[in-house]
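Chains as they are written, first to last, in our numbering: chain A, 522 to 969; chain B, 99 to 369.
Heads up, some of the hints might be wrong.
[Claimed, not checked] Covered stretches of chain A (chain B as the covering partner; in silico rule of three or more C-beta atoms under 8 Å from a C-beta of chain B): (1) 547-557; (2) 644-658.
[Said to hold, decoys possible] Listing some non-contacts, in silico: residues in chain A with all C-beta distances to chain B over 10 Å: (3) R709; (4) P784; (5) I806; (6) S818; (7) T945.
None of these hints come from the bench; they were simulated from the model.
In this text, all values refer to a predicted model and were calculated from it rather than measured experimentally.
Ideal placement from N, C-alpha and C gives every residue a C-beta, glycine not left out.
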Amino acid sequence: MMKKLLILVFFLSVYTSLSKAAVEVDITRGNLDPLPIAISPLYVEPGSQEIQLGKKIIKNVGEEISKVIEINFRRSGLFNPLKKESFVQSPDIAHVKPRFEDWKLIKAQALVTGKVKITNDKLRIEFRLWDVIAAKEMVALAFSTSPDNWRRVAHIISDKIYKRLTGEDGYFDTRIIYVSETGPKTQRLKKLAIMDQDGANVKYLTLGNELVLTPRFSPTNQLVTYLSYFRNLPRVYLLDIETGIQEVVGDFPGMTFAPRFSPDGKKIIMSFAKDGNSDIYTMDIESRVVEKITEHSSIDTSPSYSPDGKHIVFNSDRSGLQQIYVMRSDGSNVKRITFGNGLYGTPVWSPRGDLIAFTKVHKGKFYIGVMRQDGSGERLLTENFYQEAPSWSPNGRVLIFYRETKSDSQGKGFSTQLWSIDLTGYNERLIKTETDGSDPSWSSLLSK
Amino acid sequence: MSKSIFLSLAFHGIMIILTALSLPFMIRSPIDLPPILSVDLIQITDETSIPYAAKATKTLEKIKKKEEQERIVSQQAPPTEKKKEKPDKIPLPEDLNKEKKEMVKKKQNPKEVKDEVRQASEFEKKELFDPSQIAALIDKSKEEQAETLKKDDKLTQSNVKNSLVSSLTLSQEDALKAQIFGCWSLPLGLPYQENLLVRIKLKLKPDGTVIKSEILDHARMNMPGQGFYRVLAESALRAIRICQPLRVPPTGYEKWKDLQLNFDANEMLKG
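Here chain A stands alone, though its shape is the one from the complex (with noise of 0.2 Å):
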């Protein structure tokens, strides 16, 4: 009797629980079109003064920075930036209360507003970012700086942003160094070039004596390391971006490949020639040790660090093709990792260390590529005549590359441009330079 009365007391609890669940619906599809934001220009107050850089005078510094932010978030292919003609609001009113039902009218779902003020050669910015659907404020933050650095407060306003709508750190505020190349296919003149992400800011940082080839950011800090040829041998150098400081790391003999930097910036591993055999080598910076880390008789170059330091990813041809392997960092465990047709190189660690950029080389054509770290759920992003070496951006989702033009049997038509693409691979853009371009290495966050 009991045992009836405890059954039907659980069958009654039950019974009431379920009277009182929600209805469930699963949704599983939506729209995955860029995000509409609507980025009004930031608001000059009365009594600002003009921003004069050389001779270049900027009349509104703060059209010019809403201009900044939209041309990044255009490029990023997460944003569609709205027309700034179909805005009701003006930015003075909009800065202090947005009159959230004219930004739904043009379908904003985001709105970026702001305010600039110049006074006593200091500039101050003040932005804010508020979803148009639910009527409130994400983010407001000010920056106090010089004027001439208005371009950088865009990049990381920019980022803010991109950081708040995406969940993951932006990429804007950054720079990009490269080897700028002028002059016919055969004279080429090559010269050091650093850069902003989006072009601006061209700096060269050699004058094109020498030939400057694979120049790499470190991971922590503006040291770039780039290899340059002086009296025709080999020299890794460190240059300080900041300072200007370079210095010779090593004369290495023989052929020497692609100098790049451990996670935590203390070491630089690279390839060289040695009795004929080219293998992979670590040299500390501060003591300038110099160790061997692989050991065999085939081609090994183009090593790159995963983001923890345990690891390190090279390619080699002691399969008898050019094929990309793993390793531990001290040189054990090496295993292949690519089994794909075609020839593997120039193989790169992603940043969040869960992918791997590639090159492929594949019956006449040209391949740019990612890979999980064991090899597994390789993509090709983009395909082309030539291209190469891929770096990564600081978050690990854009790469950028460069690329040939074809040219004809009397070398005219030739040209190197650089490109980036995102992990999706239908985001290619060219990075418009002032010279031809090739070997981009993109920097970490300058401000973090």
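Given the coordinates of chain A, assemble chain B onto it according to the supplied hints.
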């Protein structure tokens, strides 16, 4: 005293017996065995090529014809009615130029987009996204999704599951889903290897407007390394706000006044 205890016990006993007897699972009904059917075992090979009965063949042909007709009709939609223009009206070159200019004006940011965006691969990618067409795309995708959902009457496993859990009919649920699909802009750039499910509990008014919304896994919002979850949850809340009033059935308010929406981006992003 003992009398009252006895009466109370007796009364309770009667109540329990009555309740127990009234519950269907307590009633032991005799097992209703189906009648025994005799089955002959035959070789499959002998019977697989049985011709259709004449009547069945005709019915099948009819269905086939009907399907073909339907297919052709859906592919060739009737052209929209246009006002007849005068046959003798020949556009002057000036008019043509005007038309061209107007078309150019209608395009959003024609220069900014075209000179930089390039098709990445001729084999893998058919077309690049054109940000200037965003409004048109949003509207179009909404229509397309709604249409496909209307057409798709097949029962899928998830549909069956949902219809059992929810008390909405399949068409009611489809209408609600179609509405929210059109409103939900998934944040691009979400990490692929994470759990991308956001459960939101809603309290609704009879007309479908939202009284209260609550994120069920709210603790994840502020967890380190889960920044994407906050972004995803916000996108789901935005979708609800854009969509409301929700397309709810006109009746049965008590059943759906508490509604749980499970926004699952895993399927879309992981494929």
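So which of the earlier hints does this model not fit?
7
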